[in-house]
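If you read the protein sequences in the order shown, they are chains C and D. Throughout, the numbering used here is defined as the position within the first sequence, counted from one, plus 189. Throughout, the numbering used here is defined as the position within the second sequence, counted from one, plus 189.
Don't take each hint at face value.
Label pairs and their calculated CB-CB ranges [claimed, not checked]:
hint	chain 1	residue 1	chain 2	residue 2	range
1	C	E799	D	N749	18 to 24 Å
2	C	R639	D	K710	41 to 47 Å
3	D	L405	C	A704	56 to 62 Å
4	C	I487	D	Q785	27 to 33 Å
5	D	N656	C	T741	34 to 40 Å
6	D	I372	C	W238	30 to 36 Å
As a list, the in silico DSBU-like pairs of lysine-lysine whose alpha-carbon atoms are at most 35 Å apart [what the hints assert, rightly or not]:
hint	chain 1	residue 1	chain 2	residue 2
7	C	K279	C	K594
8	C	K279	D	K725
9	C	K764	D	K750
What the hints contain is simulated information worked out from the structure, not anything from laboratory work. For glycine and all other residues, C-beta sits at the position ideal for the given N, C-alpha and C.
Protein chains: 2
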Amino acid sequence: MKNLKNYILGKPLKSSDIHHEKFSVFRGLPVLSSDAISSVAYACEEILWVFVPVLGIASFTYLSWVTLSIIGLLAILIFSYRQTIDSYPKGGGSYIVSRENLGEIPSLVAGASLTIDYILTVAVSTTAGVAAITSAFEFLLPYKVEITLFIILIIAIGNLRGISESAKLFSFPTYIFILSSVIMIVFGLIKYFVYGVEPISNPNIPRQVHDLTILLFLKGFSAGCTALTGVEAISDGVANFKEPATKNAKRVLYLLFIIVIVMFSGISYLATIYTAVPTLDRTVISQIASQVFGDNSIMFYIMQFATTLILTMAANTAYSDFPLLLSFIARDGYAPRQFAKRGDRLSYSNGIIFLSVAAGILVGVFKGENHYLLPLYAVGVFISFTLSQSGMVMRWYKTKGKGWKHKAFINGVGAIITFITAIIIAINKFMHGAWLVLVLVPLAIIVMKRVNRHYKRVAAQLSLENNYFPKFSESQAKRFIIPVASLNESVVKTINYAKCLSNDITAFHISVDDAETEKLKMKWKKYSIDIPLVVKKHEYREVVNPLVKYVTSDEFTGGNKDDMITVVIPQFITKKWWGNILHNQTALFLKRILLQHRNIAVISVPFIIEKYED
Amino acid sequence: MKNLKNYILGKPLKSSDIHHEKFSVFRGLPVLSSDAISSVAYACEEILWVFVPVLGIASFTYLSWVTLSIIGLLAILIFSYRQTIDSYPKGGGSYIVSRENLGEIPSLVAGASLTIDYILTVAVSTTAGVAAITSAFEFLLPYKVEITLFIILIIAIGNLRGISESAKLFSFPTYIFILSSVIMIVFGLIKYFVYGVEPISNPNIPRQVHDLTILLFLKGFSAGCTALTGVEAISDGVANFKEPATKNAKRVLYLLFIIVIVMFSGISYLATIYTAVPTLDRTVISQIASQVFGDNSIMFYIMQFATTLILTMAANTAYSDFPLLLSFIARDGYAPRQFAKRGDRLSYSNGIIFLSVAAGILVGVFKGENHYLLPLYAVGVFISFTLSQSGMVMRWYKTKGKGWKHKAFINGVGAIITFITAIIIAINKFMHGAWLVLVLVPLAIIVMKRVNRHYKRVAAQLSLENNYFPKFSESQAKRFIIPVASLNESVVKTINYAKCLSNDITAFHISVDDAETEKLKMKWKKYSIDIPLVVKKHEYREVVNPLVKYVTSDEFTGGNKDDMITVVIPQFITKKWWGNILHNQTALFLKRILLQHRNIAVISVPFIIEKYED
């Protein structure tokens with residue numbers, strides 16, 4: 190088992206290896222930005238889906254407006270996050286920023302929204318990737334859920350191997366996508382402007398039925414805002430960069446900005462030139478690619494292939510970011526502590542597993558259908574954008590450092606605009622599923638608050654400041670009781686061990702079958718076991734409760750309810766994992782019940798079943 | 190939780206209540222025969238599916254031949270099983286009969302075949318029932334897997350409540366089906382013979398393309414043999430009847446015989462008169478019913494409804510029979526012992542749960558499609574028929590009681606005919622899935638053999654006949670070690686308890702974080718804990734293995750490898766079930782690893798986290 194694990198996940202790493210596991214700009218860009226870059230692949234298309242049915246050919250005029258507004262919004266976000274990275278060199282996602290500057294509830298809102306959005310990112314991007322695969326190979330369609338789950342598994346394993354390994358594994362598709370998109374844009378422009386090739390007129394464009402209204406513009410805008418998901422990832426993951434971490438993180442942020450501007454505006458512009466209108470079976474990008482490169486050219490297929498890969502890889506951003514976020518939340522005591530512990534390979538393995546399982550469940554519940562999942566998406570991102578920006582404003586206001594007004598202004602503008610965007614998205618997508626997010630966020634907050642309350646309570650009860658140091662009487666602690674079903678080697682071993690620690694031992698037997706009990710009594714005599722055997726009859730074929738009742742009764746404890754008594758349990762141990770299934774699980778169940786009592790200690794004495802001799 | 194369980198499953202029953210839980214002839218018939226009776230609903234149809242495409246209208250001539258052969262086979266089986274019931278008043282399924290008379294391997298073959306067939310019975314009959322429902326209400330089609338699983342759940346709960354309760358719940362549909370079938374047969378005959386109503390000629394019958402060959406006859410015969418599945422159930426379940434059990438069981442057997450003869454021959458004959466040819470959307474029975482009663486008459490709908498119900502209820506036969514079979518196998522040590530224990534409600538709850546889960550998995554894997562499952566069916570039944578009959582022959586031969594030759598002849602004929610039938614079915618259905626059964630049976634046998642070997646080995650090692658009575662030295666058993674992560678109330682409680690039992694205690698700390706370790710050392714001094722604290726540094730953020738290594742090292746044990754030492758572990762206990770998720774599971778994991786060592790005893794000292802005060 191261990192070898193298999195090492196083979197799949199790699200050998201365990203030392204704590205001091207941690208700096209080797211961090212990434213450079215070249216490795217960091219694909220890992221932390223594939224989500225943002227991949228959304229360019231469909232943002233333009235999402236806008237056209239809103240516009241074309243109403244505006245017809247005029248859609249393309251307004252497409253550039255929306256594209257420019259979104260790039261403007263991105264610019265504000267980039268400037269804002271540059272400041273966040275400077276201020277939070279250990280990683281400053283909206284959770285941390287709002288926690289420090291806005292207080293508990295806003296930070297939990299940010300944490301919950303991000304959690305939901307990261308899970309959705311994994312589910313949405315893997316199903317989108319698989320949809321691209323199954324539309325090429327139709328015989329795979331019945332297995333799309335299984336394929337999606339398999340891809341999630343692969344990404345999870347890659348990430349469990351450690352962050353720099355996952356960077357190696359997953360950086361390739363991102364660069365392929367960027368490169369081929371840029372080639373497409375350059376070729377497309379040259380073809381049109383230099384060679385003057387006339388694009389094929391598109392027969393699918395409906396007539397314009399209405400003028401652009403503000404409402405329609407906002408709808409298109411909120412549809413296109415999916416292009417901005419994933420920007421937060423970089424500021425969250427500053428700690429994952431090699432030194433100088435903040436500098437490297439900012440470099441990646443700028444690179445991302447440039448890439449998104451080039452690709453988003455380039456693709457929008459080409460869509461306009463080539464009048465690419467999305468249909469159910471042809472994406473905008475594939476239409477552009479087929480006109481630029483020709484329908485069966487190699488570049489066309491490379492472009493399709495790269496799109497599929499990048500869509501799938503966007504999930505990886507969530508994997509490098511979410512476990513880190515969860516570890517922050519866990520460290521603050523709002524999530525189970527296991528999420529704050531690094532695994533064998535220095536990755537936050539529990540967070541990775543949680544993300545995979547949650548996304549897998551979503552994929553299963555929604556049967557791998559992307560269009561059910563998409564509307565849930567993006568609200569959470571913009572809620573957390575708003576909180577993070579507002580937090581920065583508060584920070585500048587409090588610290589009042591050099592040029593704070595200027596900085597607060599930038600973040601303030603970011604906060605207001607992302608807030609408005611969040612509202613636009615929530616309203617536009619409300620009926621299609623965004624309501625679910627608005628239900629889940631408060632629910633997640635309640636859970637986090639309860640977890641926190643629990644940890645606080647435990648800490649209070651464990652504190653030595655209480656000055657309560659319990660003392661126990663030796664005579665009571667030495668009152669040993671051994672539950673016995675039949676007399677065998679294991680029981681004898683237990684008795685002999687117990688005798689080393691105490692000379693006040695009782696054996697206890699619950700009779701469910703008279704013949705068995707007689708046999709036990711006879712053996713007891715035959716092997717002259719010199720401790721008393723108490724037998725109680727019970728009608729309900731149940732062993733655990735009568736024992737617990739007897740052990741806690743005055744008859745046994747002599748009324749010293751607060752003192753400790755000791756139950757000694759013989760326990761089978763088999764070398765094979767399936768061995769435990771074959772023995773009645775009574776011992777385990779018994780222990781669980783007994784340990785619910787503050788004054789019962791339980792000793793397990795193992796009896797190892799040796800390997801076969803044959 | 191307990192109240193919920195009691196509400197769903199009913200209050201626990203005393204062991205002495207067991208006779209109240211047994212059933213009369215009236216209750217036993219539906220429970221143990223619904224499988225056999227329900228198969229009449231489709232046996233005639235299965236034969237026609239084979240004949241009609243080749244023989245056309247001539248099919249109906251040969252239908253009566255096949256029907257008569259199958260009824261003849263049934264007669265042989267009934268006579269054979271009558272003798273089995275007499276000889277095995279405690280229940281004599283083919284497993285028991287072949288175990289006693291043929292030896293280990295034949296009995297395991299019978300056990301494995303029956304297990305597979307019972308699981309298939311549940312899967313096949315529930316999916317068939319749901320198919321009937323979804324063809325009436327098409328909007329339910331996408332949820333057929335979920336509905337099937339829900340029905341399995343309902344039947345499982347009914348059976349977990351106890352056998353007589355399940356009899357009450359499920360006897361109603363069987364009687365409705367019998368009654369409405371008989372009414373249909375009587376009406377159909379009267380209409381034709383008394384009133385001389387001319388049946389509508391069926392336009393769907395293809396031309397005859399071939400004469401009847403032996404091969405085709407055998408194919409039709411093996412298709413119709415599904416009518417005989419479920420006959421075994423009565424002889425298996427003799428122990429479930431009220432006294433006089435064998436008499437009551439035989440009465441049910443005869444009743445079953447009469448019912449199957451009347452219904453099977455009646456339906457076959459009506460199919461001939463009314464030339465009912467099965468099509469994809471109309472079953473033979475529904476065609477007959479529509480001609481006899483009229484297309485939208487109440488009786489037509491009652492007949493359809495009753496068919497649906499009885500198909501679903503056939504699953505119930507498997508539920509009342511399989512857990513009993515599994516309990517026999519478990520008692521002989523070939524299956525985990527838990528299957529031999531009665532639950533709170535005196536039913537074999539673990540067998541019921543196993544059957545439900547296995548059938549549920551089948552339904553899920555085959556996506557609720559009946560025609561994938563059907564070919565797997567019936568081979569197992571006839572293998573076990575053959576073994577049971579052969580076993581009876583051996584028995585007569587060995588005991589040589591009064592009239593043994595006569596009795597041996599009856600069982601011998603049964604054995605030969607069922608053997609031939611098994612081969613016919615296996616060959617005819619081999620490519621369609623029967624091969625899977627021929628793979629699964631040996632696999633199941635291997636598992637049962639291994640389970641048995643394990644139990645035997647455990648018994649041998651536990652036997653006091655080994656005359657090995659281990660003695661331990663007190664000084665060594667009192668070498669206590671307490672693993673400590675930080676100093677808190679729980680640790681102090683553990684130390685104080687340990688002091689009552691020993692005065693040789695070491696505390697052991699693994700340092701993964703220098704600051705934490707310093708804090709611990711300081712506290713150790715501050716609260717003047719008077720036991721030595723050993724600190725070891727470890728590089729891999731791993732606590733369990735270094736501790737195990739230290740505890741088993743010569744440094745700690747002083748080289749006495751065979752003596753017992755004691756590890757004392759402070760353990761958090763939370764009152765809420767989710768509390769355990771919130772604490773690092775190190776203590777549990779540690780215990781599991783430590784108990785793998787024959788010479789380490791583990792003491793758990795609970796620290797109960799009290800309820801909230803707010």
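Against the structure, the hints come out as follows:
1. E799/C - N749/D: 18 to 24 Å: 20 Å, holds
2. R639/C - K710/D: 41 to 47 Å: 34 Å, violated
3. L405/D - A704/C: 56 to 62 Å: Since L405/D and A704/C have Cβ atoms about 59 Å apart, the given range 56 to 62 Å holds.
4. I487/C - Q785/D: 27 to 33 Å: 58 Å, violated
5. N656/D - T741/C: 34 to 40 Å: 37 Å, holds
6. I372/D - W238/C: 30 to 36 Å: 60 Å Cβ-Cβ, so the 30 to 36 Å window is violated.
7. K279/C - K594/C: 24 Å, holds
8. K279/C - K725/D: Status holds; Cα separation ~30 Å.
9. K764/C - K750/D: 19 Å, holds
Consistency note: the structure conflicts with the earlier hints numbered 2, 4 and 6.
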